[in-house]
Amino acid sequence: MIDISNIHKTYITGSNKLHVLKGIDLKVEAGEMISVMGASGSGKSTLLNILGILDNHDHGEYLLSGIRIENLNERKAARLRNKYLGFVFQSFNLVSFKNAAENVALPLYYQNVKRKKRNAIAMEYLDRMGLKEWAHHLPNELSGGQKQRVAIARALIGKPKVILADEPTGALDSVTSQEVMDILTDINKNENITMLIVTHELDIAKRTQKTIRITDGLITEIIKN
Amino acid sequence: MFDLDRWQEIYHVLRKNKLRTFLTAFGVFWGIFMLVIMMGSGDGLKNGVSQNFGDMATNSVFIWAQQTSVPYKGFTRGRQFYYENADVRALDEAIPEIKYLAPRTNVGGFNGASNVIRGLKSGGFQIFGDYPVFDSIDPVNLLQGRFINEIDIKEKRKVVVIGLRVKELLFEKNENPINQYIQVNGVYFNVVGLFKSKRTGEAASNDNQRIHMPFTTCQKTFNMGDAIGFFNITSKDGIPVAVVEEKAIRVLKKRHSVAPSDDAAIGHFNLEVEYKKMVGLFFGIKVLVWIVGIGTLFAGVIGVSNIMLVVVKERTKEIGIQRALGATPWIIISQIITESVVLTTFSGYFGLTLGVGLLELINYLLESSGAGTEMFLHPGINFSVAVVSLAILVVAGAVAGLIPARKAVSVKPIDALRYE
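For the protein sequence lines, the chains are Z and E, in the order given.
Here the numbering used here runs 7 ahead of the position in the first sequence, where the first position is 1.
Here the numbering used here runs 141 ahead of the position in the second sequence, where the first position is 1.
Here chain Z stands alone, though its shape is the one from the complex:
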């Protein structure tokens, strides 16, 4: 599903060059659930951003579901993100003035699905997250765990092939963290959606099939859980 080889990424700020990724090779099969661990600044988030086509890589090859990701214009990148990828962020990143259902429906809005239809689908997904009765609440009326479940529903609604989660439990307490992980594992099992989870919590990483450890921009260890 994901096939990257020799990925390099350097950030240039003023006269400083920061070589963050120094040649990453990684193959992720469809339906795999993988966690990425590493110290802060090791490049794990950068890797995730490149995989999510939110950032571009300098060198190397990236194939997403067989499509070569290289020099894409923003329009194509947006289409690919919409079609293939679902994002779950640490800070949830819900749109503050849209209620839960509207937030979930957002990816379908960009696919030009009719409002009535996309809201009905959004309700379905919210129901699966056990948030049906919260559908018309604004994000600031929801708890952290609820927000993250809304975000997961939003990541799922576009029927992506890959879900990229950047510290999905970073802002949650341990009980809710486990609940969120339960949901993600379920989705991975039942819908066969490939999943990449960046985390620095060992017990979260343990719940995935494989853990990749990144140190200083290189993959140093792959552990099967």
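FYI, nobody ran anything at the bench for these hints, they're computed from the structure.
There could be a bad hint or two in this list.
Coverage of chain E stretches by chain Z, computed from C-beta distances (three or more under 8 Å per stretch; other residues unrestricted) [what the hints assert, rightly or not]:
1. 146-155
2. 416-428
3. 546-555
Note that CB positions come from ideal geometry on N, CA and C, so glycine has one too.
Given chain Z, work out where chain E should sit, using these hints.
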């Protein structure tokens, strides 16, 4: 297509900082408001001054005789001379550029002693001897009856066409003046027509105190011989009346033994020149109004652009989220431009409405008080100008949104997402 999500977003953005939205909107509002008020006022001024012309042919010249100021052909200076009936044919033959040539005479003075009597009523009016062609040069609204015609001229009929004010002063309120007799300078005339001026204000009240009779009747009845008071001449379409004016003066000088260098002997007034001066003046005012108005509007639009930049900056993260979820640059750009257009159009429309409303109020107050009609009349802007202004607003709003919109999509999605 009505897109609820898009409008929800616009509503949210504009509502989020109400004072800021209001102040931005006020910039545009004020621009268009000033434009409307200034254009309306300029129009009012123009209407006020133009009314003095009524429907009069503006390509007309008046020529009358004065005293000579240069001795010539054995005549001394200070000689009084008169135009004669023969001059009419001479002018007509010598100047092919003439469209209408109306020789006129007048009796009695305006605001002078009472010269017209009917029964126990009397009044002082201006009395003209005219040819039917005069009605083509300076038309009036005929309320009843007819104007002077050729048969009147030929038969030297003792008939008059009277102005509305003349009727009001000499007749009872519900009396029909047609076929009644009035006494002008001691001679009875039959009233055949009643007219009302096409002008307004003071010019109209002057007009309405006129009495027209056949030119030939006037000459004969009041013992004028074949003397002509003055000429009223218009040029053919497309020919400046100054051409006719110059030629006519030359012909008349020659016929009346006036020195070619004598500029004081022949009085003349070129309405076209005056009219053109006025048209030029109002064109100048209009240009000025547009420059100032568009300038003010432009300042308002820059304000919108500025605020949109701030909005885009504030919403960087939100836009980043939308892009991560698959919003194409076009969706973001069109969203921001729509916001900008909505802001400018709404505030502009408000300014337009309020400006027009204020003009209407002024108009109403002017009319109900009866004041100021001499220089200021019917201020207002026409519909097409309003539509054009609105179109300018929409375009300006789009342009104002363009730079911020481009800025919004120029950041990488990840930088937008990380923005705090």
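Provide an ascending list of the numbers of those earlier hints which the structure does not satisfy.
2
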